[in-house]
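J.: Letter by letter, the chains look like this.
4 protein chains.
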Amino acid sequence: MSQPLRVTIWNEGVHEKTHPVVQKVYPQGMGHQIKSYLDTVPGIEAIAVAQLDDPEHGLTDAVLEQTDVMTWWGHTAHDRVDDAIVEKVYQRVTQQGMGLVALHSAHYSKIFRRLMGTSCSLKWREYKGIGEKERLWLVDPAHPIADGLPEYFELERTEMYGEHFDIPQPDQQVFISWFQGGEVFRSGCCWHRGRGKVFYFRPGHETLPIYYDAHVLRVIANGIRWAAPTRIAGGIRRDNTEPLEAME
Amino acid sequence: MSQPLRVTIWNEGVHEKTHPVVQKVYPQGMGHQIKSYLDTVPGIEAIAVAQLDDPEHGLTDAVLEQTDVMTWWGHTAHDRVDDAIVEKVYQRVTQQGMGLVALHSAHYSKIFRRLMGTSCSLKWREYKGIGEKERLWLVDPAHPIADGLPEYFELERTEMYGEHFDIPQPDQQVFISWFQGGEVFRSGCCWHRGRGKVFYFRPGHETLPIYYDAHVLRVIANGIRWAAPTRIAGGIRRDNTEPLEAME
Amino acid sequence: MSQPLRVTIWNEGVHEKTHPVVQKVYPQGMGHQIKSYLDTVPGIEAIAVAQLDDPEHGLTDAVLEQTDVMTWWGHTAHDRVDDAIVEKVYQRVTQQGMGLVALHSAHYSKIFRRLMGTSCSLKWREYKGIGEKERLWLVDPAHPIADGLPEYFELERTEMYGEHFDIPQPDQQVFISWFQGGEVFRSGCCWHRGRGKVFYFRPGHETLPIYYDAHVLRVIANGIRWAAPTRIAGGIRRDNTEPLEAME
Amino acid sequence: MSQPLRVTIWNEGVHEKTHPVVQKVYPQGMGHQIKSYLDTVPGIEAIAVAQLDDPEHGLTDAVLEQTDVMTWWGHTAHDRVDDAIVEKVYQRVTQQGMGLVALHSAHYSKIFRRLMGTSCSLKWREYKGIGEKERLWLVDPAHPIADGLPEYFELERTEMYGEHFDIPQPDQQVFISWFQGGEVFRSGCCWHRGRGKVFYFRPGHETLPIYYDAHVLRVIANGIRWAAPTRIAGGIRRDNTEPLEAME
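Protein chains in written order, with my numbering: chain A, 1 to 248; chain B, 1 to 248; chain C, 1 to 248; chain D, 1 to 248.
Since the hints were derived computationally from the structure, they do not count as laboratory data.
Watch out, some of these pointers could steer you wrong.
The list treats identical chains as one, so a pair stands whether inside a single copy or across any two.
[As the list claims (entries may be wrong)] Taking lysine to aspartate or glutamate pairs in the EDC-like style, the calculated list, with each CA pair at most 16 Å apart, reads:
{"no.": "1", "residue 1": "24", "residue 2": "39"}
{"no.": "2", "residue 1": "128", "residue 2": "54"}
{"no.": "3", "residue 1": "128", "residue 2": "16"}
{"no.": "4", "residue 1": "35", "residue 2": "53"}
{"no.": "5", "residue 1": "133", "residue 2": "242"}
{"no.": "6", "residue 1": "128", "residue 2": "242"}
{"no.": "7", "residue 1": "128", "residue 2": "151"}
{"no.": "8", "residue 1": "133", "residue 2": "156"}
{"no.": "9", "residue 1": "128", "residue 2": "213"}
{"no.": "10", "residue 1": "128", "residue 2": "56"}
{"no.": "11", "residue 1": "35", "residue 2": "213"}
{"no.": "12", "residue 1": "35", "residue 2": "82"}
{"no.": "13", "residue 1": "35", "residue 2": "239"}
{"no.": "14", "residue 1": "128", "residue 2": "156"}
{"no.": "15", "residue 1": "17", "residue 2": "54"}
{"no.": "16", "residue 1": "128", "residue 2": "154"}
{"no.": "17", "residue 1": "24", "residue 2": "87"}
{"no.": "18", "residue 1": "17", "residue 2": "39"}
{"no.": "19", "residue 1": "17", "residue 2": "147"}
{"no.": "20", "residue 1": "133", "residue 2": "154"}
{"no.": "21", "residue 1": "24", "residue 2": "56"}
{"no.": "22", "residue 1": "128", "residue 2": "87"}
{"no.": "23", "residue 1": "24", "residue 2": "154"}
{"no.": "24", "residue 1": "133", "residue 2": "45"}
Model the full assembly from the supplied sequences, consistent with the hints where possible.
T.: Written out as structure tokens, the structure is:
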């Protein structure tokens, strides 16, 4: 427990290059804004911001091997993520227990959809480009991801995501969002997949300063802690096994 | 499958006697309105409307023994329900598999709270006596209780119930409500308890004609079917048992 | 409810051609043995036995469109199942609500693994070719798949499957198996995936007469009923939506 | 995260006074044996061993107020635990987030049954007084309670507990036990209840040295960490609330 959790922040990094509003909101890129927060959190060490345009999308074997939890933000270029890299991340989660925190439009990323087994589609609305109000209600106040949060918090302007969100029933449901325009959304969802844990957290539209919000950042840090790897002594055998004792 | 499900509708029946608006909305009582709908549903036989003021609250051994599923509506007189009757209903659910469909303010009934093990408290608002808009979103379109329903349906005027709803995590979450005033609520929730099934369904404020709404009624009928008893051959032993074979 | 559930039985059908013991146990093929049972079950209509070597593996659009629930048995030739057919079955389950009952070694089929998102690996033992005893314990006696079953039933000789079974946490756990040689296994598991339901049931080793066992057959029929499609009125939109009302 | 978790160990403490075998196995009492282990675990501070015969069963307001997680072992004297004390523990768990780790025969304690809402009955066998072999299989290797454990561990001699265990479906299932005599059991089960977490762990028969086993002790320590309280900023309102904004 005494060693810090090593976190790699994967950020698509395309909107920051092409969209003036995003450039203005996140002059260093979204990933670096998240890192600048995590750098202040005791027990968490943000070891890398990896981006689509980096060699191997920044997810080399060396980076993966020292990553305990990975956060993932992508939107406009999901299909440009190399299948071989996705496979490595998938194996690292399910076989070695790396945690994955999927943010906002990462609901449609290759890695999240593969782990879920469903389409992960949803409704959405970028209301006249200005967003609308969202309230995130805490529905499981015993959950560690709720630690330090109030019973609800608000984002004054955000993109809407609405049900039906085509995901497997979450193992644990932490937040449900209310949107001004008439929708609800399962905004904070937890699953175990193989040896790893997956947390999906909804907020994060790129043209709004969502990753400066103190509540949002707190949830991300809590989600990283929740997704910390579990060590299994001796590994898990999956093979043709001998019986406990002679059975004749 | 060929015999109809025998349903007993438990209705507190107090507001109908004391509140002019409720009398006007439900001149025959809420229970009888629900019964009049169930009488039209193939495969369901509403055998009784039982009320608080009936002898043994209408829940005699004879009634219980022929009841496959019970619906329960109560609000103002939860504490007047006799503990011995509650115990009988509890045993019938958990030990013999009777289904229970808990409606609206039955969240605070003795039987529901005992089955849940939590306080079942929530937020509420009867907005200036006129209600506000509710949208019930379907979040599990594979669930049999969703059968025949659209992806969402609306109640133009209703009482608000809001999170945090202090219930155990539902085994299955079917509906989540959106309210105009800023809240969300887990409105359709399923649990197994012992040999029985429990479905909680939120709508049903007594001063509004909720139980005339076609979608609401459809959900109640679907919930009754979902809660049908499961027969176990030979029962379940809970005792000091012999080992499979000599083990020396 | 009055129309029978239309079931397609998918059977790999390779062992029956190549393995003398399997030929002896299932002279008509495993699929036809399951069909001969389902033909006796009221409310279920087994419309087709489809096999790997049939054109399009027997899963033409015409067959898929009239299938409410599909059972799937495969073992030695998972990789010979065409990806395009798997995609069609996947879409039929998740987008149109077809039920899938995955039997025994179908845990490693392409369709099951895709729906789960995990490796679906496990331990196994075909003990000296003669099998060992399995006891299937009912852990959720309220579940409709348990209907008519006793609190446990035994298979005198079977192949062992053992934990860790690398699946997502089941939405509902119906059976857990005990094996003579020292293992346990989650033998009856339910999930919702998109609009469809998936039931995994463990028994079914090809060299033993498992699909003649009355309890096993009963579970398969119950699983088919549980997996029946749910109809959603008007479908589910997944798109850029308009708000409920003007919000300015 | 830097302050240690304060743990109170509740131990019935009756067998130790009346049963020579138990006296021999646990000369200081079971609670003190568990404490002597917890005293070696970084981040955990065992602040008290409380027993039935202590004033207020050792669970004074002062003790409760400084307890983050409570372990509970009881067997022969469940009905001698005062209802008012049970109520205090219940409130502390559900309203203030104290964790509860229920050990072995605590399945029948007043506090556990109240939190579950079911009978919590099961099968059992103290095989000729000598016990039989148990294997605890890990079925959720991503779960923090599995940390540091192997894929299974064995107790050479133990009392058998068998299904059907009449509990609500666990929110998370960590271990499933295999017993030599033919039974299985859900041995490590997690639930959230209100603001608190509940972990049930099966091993612990009083006449056998179960609480000296390194794996068992590790699970208890992990369970305590998992059950740590979650802090909610500003608490949770459960009342008649005002709407978000004027809605006319």
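J.: Under a CA distance limit of 16 Å, which applies to residue 133 and residue 242: within one copy, between copies, both, or neither?
T.: between (59 Å within a copy, 15 Å between copies)
J.: What label fits residue 17 with residue 54 when the C-alpha limit is 16 Å: within, between, both, or neither?
T.: within (14 Å within a copy, 52 Å between copies)
J.: Is it within, between, both or neither when you check residue 24 against residue 154 at 16 Å Cα-Cα?
T.: For residue 24 and residue 154, the Cα distance exceeds 16 Å both inside one copy (23 Å) and across copies (40 Å).
J.: For residue 24 vs residue 39, is the C-alpha pair at or below 16 Å within one copy, between two copies, both, or neither?
T.: neither (22 Å within a copy, 53 Å between copies)
J.: At most 16 Å between C-alpha atoms: does residue 17 with residue 147 qualify within a copy, between copies, both, or neither?
T.: neither (35 Å within a copy, 42 Å between copies)
J.: Checking residue 128 and residue 213: alpha-carbon separation at most 16 Å within a copy, between copies, both or neither?
T.: Intra 22 Å, inter 34 Å, cutoff 16 Å: neither.
J.: Is it within, between, both or neither when you check residue 133 against residue 45 at 16 Å Cα-Cα?
T.: neither (32 Å within a copy, 44 Å between copies)
J.: Within, between, both or neither: how does the pair residue 128, residue 151 come out at a Cα-Cα threshold of 16 Å?
T.: Answer is neither; intra-copy 29 Å and inter-copy 24 Å both fail.
J.: For residue 128 vs residue 56, is the C-alpha pair at or below 16 Å within one copy, between two copies, both, or neither?
T.: The answer is neither: 36 Å in one copy and 48 Å across copies each exceed 16 Å.
J.: Can you give me the call for residue 128 and residue 54, within, between, both or neither, at a CA distance of at most 16 Å?
T.: neither (33 Å within a copy, 53 Å between copies)
J.: 16 Å Cα cut-off: does residue 24 pair with residue 87 within a copy, between copies, both or neither?
T.: neither (34 Å within a copy, 42 Å between copies)
J.: First find the shortest C-alpha distance between residue 133 and residue 156 inside one copy, then the shortest across copies, and answer within, between, both or neither for a cut-off of 16 Å.
T.: within (5 Å within a copy, 21 Å between copies)
Comparing the model with each earlier hint shows violations of hints 1, 2, 3, 4, 7, 9, 10, 12, 13, 16, 17, 18, 19, 21, 22, 23 and 24; every other hint is respected.
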